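Got two chains here, each in a separate frame; can you build the complex from them with the hints?
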Amino acid sequence: MRISMRWLSDYVALPPGVGPAEVARELTLRTVEVEQVTPTADGDTVLEVDNKSLTNRPDLWGHYGMARELSVIYRVPLADLPRGPRPSSTTDLIGDLDPAVCSRFCAVAYAVDGPAPETPLWIRERLAAIGEASRGLHVDLSNYVMFAVGQPTHVYDADRTAPPLSVSPSETGRTLRLVSAGPVDADGEVPVVRDRERVVGVAGIMGVAEVAVDDGTRAVILEAATFATVPVRRSALKLGLRTESSARYEKGLDTQRVGQAVDLYLHLLVAAAPGVRLLGMQDEVLRETEPARIAVADRFLHRGIGSPVPAGDVDRILTALGFAVDRGDDGITVTAPTWRSTGDIALPHDILEEVARIIGYDDLPAAPLTVPLKPVRSLNRRPVERVVAERLAAAGLREVLTYPWTSDGLLAACGFERGDTLRLADPPAPDRECLRPSLIPNLVEAAAANLRHRDRVGVFEVGAVFSAAGESPRASALVTDVDGRKAFLRLKGVLESVGRGLALAADGEYPGWADRSARAVVTSAGTPIGSLGLLTRRVRRLVGLDAVQVACLELDLAGLAAPAAFTVDPPPELPEAGFDLSVVVADAVTWADVAAAARAADPLIHRVAFLDEFRGSWVPAGQRCVSLRVTLRPTEATLGAGPLAATRAEVLRALADAVGAHLRAS
Amino acid sequence: MTDHPMPDAVLAELAAALDAALTELGAASSLDELDTVRRRALGRSGAILAVRRRVGTLDPSERRAVGAEVEAAVEAVTRALAAKEEALLDSQPSLEYPVDITLPGTPARTGGLHPTTRMRYDLDDAFAALNFELYSGPEISSERYEFDHLNFPTDHPARESMDTYWLASPVTSADDRRCLRPHLTGASVRYLITHEPPLRVVYPGRVYRNESTDARHERAFWQYEALIVDRDISLTTGKFLVDTILDTVFGRPVPTRMRTGYFPFVEPGFEIDMQCQVCGGDGCRTCHGVGWLEVMPGGRPHPNVLRTAGLDPDEWTGFYVNIGLDRLVMMRYGIADVRALHSADLRLLDQFDEG
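These protein sequence lines map, in sequence, to chains A and B. In terms of the working numbering, the first sequence opens at residue 1 and continues consecutively. In terms of the working numbering, the second sequence opens at residue 1001 and continues consecutively.
In isolation and in its complexed conformation, chain B is listed as follows (with noise of 0.2 Å):
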């Protein structure tokens, strides 16, 4: 006779350890609840555990059976604790309190460029897909640049159309005035000058008129000029540039209008017209109730303006896009006013993204 336990009595013991903890386990209402179950049945002083150490001693030829009762009962509790933890997860939320959706979003930045510029960059963009240069000439400029390059005729009423601010004396030379430039065309004279036909260019820029103000008209507004000269630039090649730039700032088809326009230094000369996208074409303030708004003027360089620059007009041809951007802002996002755009108010300008 040894003093082997008796197997009957240690596969009782795992029976009732067994069941304890899956009555246990059923019980539990927390994950610290199923900890606490998870050690009393499989911890180093559980209750399965302290049988499984009885199985070595049992009689050798009992072990393995009542080894394999002991394994599938560990593994039993093992996943009935598995399931419960799934259970217990699925049923208690992450939050005490469930949030209010209501509540506003922390906002993820409060910068950002100004609309204006955010177009300009844009069209920089696209004309660059085009492979067009960017320039920038000087805001200071002086009626040689502005005027006299640009085929404007001495004592030409059209000197007037744009009010220029020019600069007091003393530091305006007696044979060229200095002014803000009312125009960005005065650029395209700087820049063909030093550069070697054919040429795709754009110069985009702010420009001052010393005019009153109201909601179409500013002190200080931007312009994106973008001019082409080469062999053989017709209108239908103008009217390419026209659109690329459309497609560029709205993404969408505008109902635009290309009408005949006069300025002294394209020939011939054009303006582009968009519906006005405030009203949606029906007449409001800002298109003086006709439902279109003058967005871009432009036309093919005036001979003239070619051989001020050092081109032959029989030889080199060209086509100017000139935007006006702030119209243009107007129109992409419904402002109403153009005087919004210098206010730095930043109740609008915070308004804007940067998608």
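This is chain A alone, in the form it adopts within the complex (with noise of 0.2 Å):
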């Protein structure tokens, strides 16, 4: 909403110095927020206020309530708004109202003779400061009111309208002509106002065409009503159309608010048009806006602020800001003015923040805070999300974030059902709408977007994942390398410095991502929980990256094993020694296996160690060439020559009776 700081000076004289700045600076402490504050081209302020700091705030929805505020934060008073006199009372200008919408219904008559009188210059400036364009006297009047007093008014063609005018449900199926929205299909959910003939408006949100003022109108039938909030929210929602009238009355406007608007009217009225015929006006009040009236211990206030605020300060904050307050022994009871009765004001806690906020936050100390002697929450009990992502960054990957909803395309490629994902019901984009059933499908994307600026790269991500059965923290890792064997094995490093008793197994069910040629299942203490893979050249095809592996690795959070309990393996006492040897196997004897059978040979034999393995030229097809370092560690004297040429031909002899490997030739 804007804020004009000339229309301001009509009700409250501000301290010498005191400009715009500072206004705006003392609002956003204690009222709503400042959001902009622009000079105009005449010399006036507009403070742009937001609107969200404003929704439960009916009363601030016009300058006069803002004007209040200030008289209370600067201490100088506030002007009374002006009357104008009322004609004499009819009872032909209002029908039946339904209740349900409508708790008061005002409406005068009035005509102007002779040509049409002119906007008074200084009310266009005003409402020419916070945006507002003039359209003739009568609607210029009404648009004035509500920026004053936050009261919406409506003023339709006496000459064309058919009083008495009532307030009901709308009739299904009627298509309606409003004056500045295309034609709105109004169903019986829409409360209308209806003349004898027609539908004139819909209530607290526009009104019809065909009964709108011009410049030939002289005749006008002025409405000012209060509608109650949720119909004309509902209204607004199904039509579409927030106004500034829809604006205020889903905020909860008072009553008691309509007859300062009336009166604002006709002053303004009178004052511009001095010739004006006053007809006759009706005031129909269903239902007046009761003040809330609240009970507040002094101590309730103490406690709740952390400080006590002297009994003196807290009438005079509270009087001005329009509460009647009756001071008791140990307490106040507190009357609201209606203006902030319609759902604002309801608790103590209410009346604790008008103090607190007047006063004002910022010069509230900071009291610390004790902390209380129970079991410290463990670091040890670090929660595993943390663990695991700490580990991966301290592997080399670096952490990225992506969205929780993926690309069909991806999705469908790495082999992931649609029909099994949730899904949004109105999506960031058309192919967006499924949440994510695994981390995979963005981390490759996100890898595809980073490879168009450089070589390689390491990604992880920790989140969850979502499934009809509810959602499940996962952690996801990727790496390439235009060697995919190295990928792979990069991959696995970085999975075994996660601990958690993480190791593959060859057998068990892959992701549809996963290429048949390098694929894994993760167990956590053999349990699985995962899956590592290169992915298929399909998914790679699809972002692009058919030039590079892309090692992924996937797992189950839920499913991690506790961490084992460590213990330190202490260094050997006597140097250990050792020898390397390069054997040639079958293509289908495993690692594993070669490293199990070296390891058997001799219970000196501390550790087995793969250097490397080669194929093509001298190898013969169907074999490979194996390297390995096996280390001794002795327990009783230190390893000589002898014994350890020993060893390393029962490692040999070893290795040719359990994977029929043969040394090298050299």
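Everything labelled a hint here was simulated from the structure, so no lab data went into it. From a predicted model like this one, the values you see are computed outputs, not experimental measurements. Note that beta-carbon positions come from the ideal geometry of N, C-alpha and C, so glycine has one too. It cannot be assumed that every hint is accurate.
Restraint-style ranges between C-beta atoms, simulated for each label pair [said to hold, decoys possible]:
1. A:565 x B:1105: 35 to 43 Å
2. A:311 x B:1133: 25 to 33 Å
3. A:633 x B:1122: 39 to 47 Å
4. A:83 x B:1176: 32 to 40 Å
Straight line, CA to CA, 25 Å or less: simulated DMTMM-like cross-link-like pairs of lysine to aspartate or glutamate [stated by the list, open to error]:
5. A:52 x B:1337
6. A:52 x B:1211
7. A:52 x B:1148
8. A:492 x B:1143
9. A:492 x A:593
10. A:238 x B:1163
11. A:52 x B:1214
12. A:238 x B:1059
13. A:238 x B:1350
14. A:238 x A:288
15. A:238 x A:189
16. A:486 x A:426
17. A:492 x A:385
18. A:52 x A:80
19. A:492 x A:390
20. A:238 x B:1033
21. A:492 x A:507
22. A:492 x A:509
23. A:486 x B:1143
24. A:52 x B:1294
25. A:486 x B:1350
26. A:52 x A:22
27. A:52 x B:1143
28. A:52 x B:1350
29. A:238 x A:195
30. B:1084 x B:1032
31. A:492 x A:445
Here are a few chain B residues that sit away from chain A, every Cβ distance over 12 Å (derived from the structure) [unchecked claim]:
32. 1011
33. 1012
34. 1029
35. 1049
36. 1052
37. 1057
38. 1069
39. 1087
40. 1105
If you want it as structure tokens, here you go:
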């Protein structure tokens, strides 16, 4: 909402030296958020207020309400609103009123003879400052009143309207032509204002074009009514029409404000059109807004704020805001003004807020928190998501965050069934309505995007995945390399660095994205919890990665085993010794078989490490040469050349017997 | 007459050997040459040791004096060798060619956590020290938990202030629409229902809004909410929580302001703004020109929220602080556009170290 500083000055005289920036700051700290301060060409300044900060304050949807806040903040008087003469009462302007929609309806009939009077310049300037164009005297006055006191009014051309005006639900199937919107279809749930013959307006939202005032209008019916919050809001949502008027009704307006609005309108009208004939007025009040009454104990206020506030300050603040304060022995009984009694003020907590905000939250001290002596959340119980994320980062991968929705194309290529996913009703893009059942598709997309400006990528993400069964925490990692074997083994190394009993198994169920030449089931303490594999060519083709291999890992963190108890392996007391071997074995023989056979050859063998493997040139087809390093840890005496040579012969014999290996011919 | 050699002849030999050794030593220009000098003087077949072997052939009465001369010569050469070795070590650099120190260093590491994650963990640690528990609510929640339980009246416009991603039918149940959580506060009621006060809890997580994106707004972003429920929790206590958060994140004083704010689930409610760290408060695209950025709304839980959680609002009070984690990350590192944080762009993310 826009607020004109000049307009505010009609109601409140700010202390000397207080300028727009200062007003914006004070309003922001104590009342509503001023988002922007803009000087106008003619010397005024406009404050742009964030409407979200006004949601609970129907009294602030006009300049007078804002002026009241400033009068409290700066402790200066608030001027009374001017009131014009009221015409004599009639009974022919208002008909039946639906009490579910309308609690007060006031109608005034008047006529202006002769040429149409112009809107006074000062009113046009006020409206122009807040971005409202002039549309003739009657509409301008209606707008001015709304932006002054926050009460919408509506003006009908009386020569084309047949009172009495009544309020009721619309008929179904009626198309209405509104003043400044396209045709709308009203159904039975949209409350309307109608005259004897037809619908003349959608209650609280907008009038119908056929009865709108124009340059030729000489007779006018002014409507000022209190429409209920929920029907107006539903109706605005249904019609897709949010207007300045509906925005105010949605917040909840008090019935008393109708009188304020009519009085101000008539004051302005008589001044602008001295020859106006006020023909009659009818005011029906079905249910008056009751002021809220709240008892607030002194102790409640002091304990809630955290520091004592003098009774005099409490009384002064509340009185200036329009509350009546009745002070008792240990507290106060507060009667809220009606403009704060439509839902805004209902509890002692609301009174606490009024006092605290005007004192200023910024001026309250910070009171230290006492830490209770109870068992401290153990650092050993860090959430598994954090443990895994920190391990993956330490392994040289970079964490990325991607959206929870994922593309249809990648989902299909990765082997996920669309029908198994949860979907958004209103997705961010037409092909992204599925919530991710896996982190892999989005990681693949992120990798492809990054590979446009670098050679290789190593990334991971930790986050939730979704299915009809619910959501579960996952960790996924991805590395790329032109050599697929390297990519796979790097990611296997990353996996092993996580610990938690993670290992690979050859048999099990594989996801659709895993290529059959390089895939494995990941187990944690023997239980399958994920997959490691290279992406299929189909997935890579889809994201334009034909020339690079992509290894992916996905873990279900809910299944990760608890960390095993950690014990230290003491360093050897005697120097270790060892030897390297290169042996030729059949392709079908795994490294695990080779290592196990070598290790079993001598009890002093402490470890058998893989060095390299080689195929080609001198190695016969169907075989490969594997290089390994055998390390012995002596227990009684340092090993000399003799015992080492004996062990080496034992290892070769064992390899020959167990896996048919023979020493590489040198 | 015996055949003992004359001591003078032996001493002359020693003098010659010593002289030769010192001369050669002086001329040596490398450690290898110095090693040759050492061998020729003091080696098994070296000149001075050859003289030492002859001492035993002298008349016993001469041996002590000549022997002492020989040992003095050995020591002199040894000392000179050590001095020369140090001089040569000092004069010769480790590398044949000096290093071009402007060459790029070999990266110590390439991995790391996302800056939002890093900040989340920092806050976890800070709140753990204040004895807060860590809780995690579900990302798929429902209208009941996100709005009904939090004192949003039916059809209240505030329900629309959060543009929620609702899940498509048929998975939405008739009486409780499911959604991606639009904020974290719904998790507080889940926690309160299952835990006895007094309690202190933080529950970080990602939330989702169906709105158009710009430099300050994302569809997916992180919040970090802290809730304390106890007897007599006041606004001034709440300010202490706010200070804890800012100290943790920035480690230096940052200009902030605490102002009134409205959210249905708190009464009273507030907003913490911090001075825009992108422009230093001068006004820029990130702060819409006002120099301040909302980073932390919060307030005391509304009595209706406490009641929903089964707590008596006359007995229990509390304080919420909800941190817009992405905004704090932007402020901490001077990132002008929030969308960068979800871009997975390694050109940006690789700049973050673990410090």
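ask   = Would the pair residue 486 (chain A) and residue 1143 (chain B) pass a check requiring their Cα atoms to be no farther apart than 25 Å?
value = 48 Å, violated
- Message: Check the hint pairing residue 486 (chain A) with residue 426 (chain A) against an upper bound of 25 Å on the C-alpha distance.
- Response: Outside the cut-off at roughly 42 Å; violated.
task: Measure nothing beyond the straight line between the CA atoms of residue 492 (chain A) and residue 445 (chain A); if it is 25 Å or shorter, mark the hint as holding.
output: Judged against 25 Å, a Cα distance of about 21 Å means the pair holds.
- Can the restraint linking residue 52 (chain A) and residue 1337 (chain B) be considered satisfied, given a maximum Cα separation of 25 Å? Measuring from Cα to Cα gives roughly 22 Å; hence the hint holds.
- Message: Check whether the Cα positions of residue 492 (chain A) and residue 509 (chain A) lie no farther apart than 25 Å.
- Response: 18 Å, holds
Range hint 25 to 33 Å (beta carbons of residue 311 (chain A) and residue 1133 (chain B)) holds or violated: Because 40 Å falls outside the window, the suggested range is violated.
Agreement of residue 492 (chain A) and residue 390 (chain A) with the hint, judged by alpha carbon distance not exceeding 25 Å: 17 Å, holds
Quiz item: Are the Cα atoms of residue 238 (chain A) and residue 189 (chain A) separated by 25 Å or less?
Solution: Holds. Residue 238 (chain A) to residue 189 (chain A) sits at ~9 Å (cutoff 25 Å).
Distance restraint between residue 52 (chain A) and residue 1211 (chain B), which requires alpha-carbon spacing of 25 Å or less: 15 Å, holds
task: Quickly compare the C-alpha distance for residue 238 (chain A) and residue 288 (chain A) to 25 Å and report which way the hint goes.
output: 28 Å, violated
ask   = Does residue 1087 (chain B) really sit off the interface, with its C-beta more than 12 Å from all C-beta atoms of chain A?
value = It holds; residue 1087 (chain B) is separated from chain A by about 36 Å at its closest Cβ, greater than 12 Å.
message = What's the verdict on residue 492 (chain A) and residue 385 (chain A), does the C-alpha distance respect the 25 Å limit or exceed it?
response = 19 Å, holds
Hints 2, 4, 8, 12, 13, 14, 16, 18, 20, 23, 28 from the list above are not met by this structure, while the remaining hints are.
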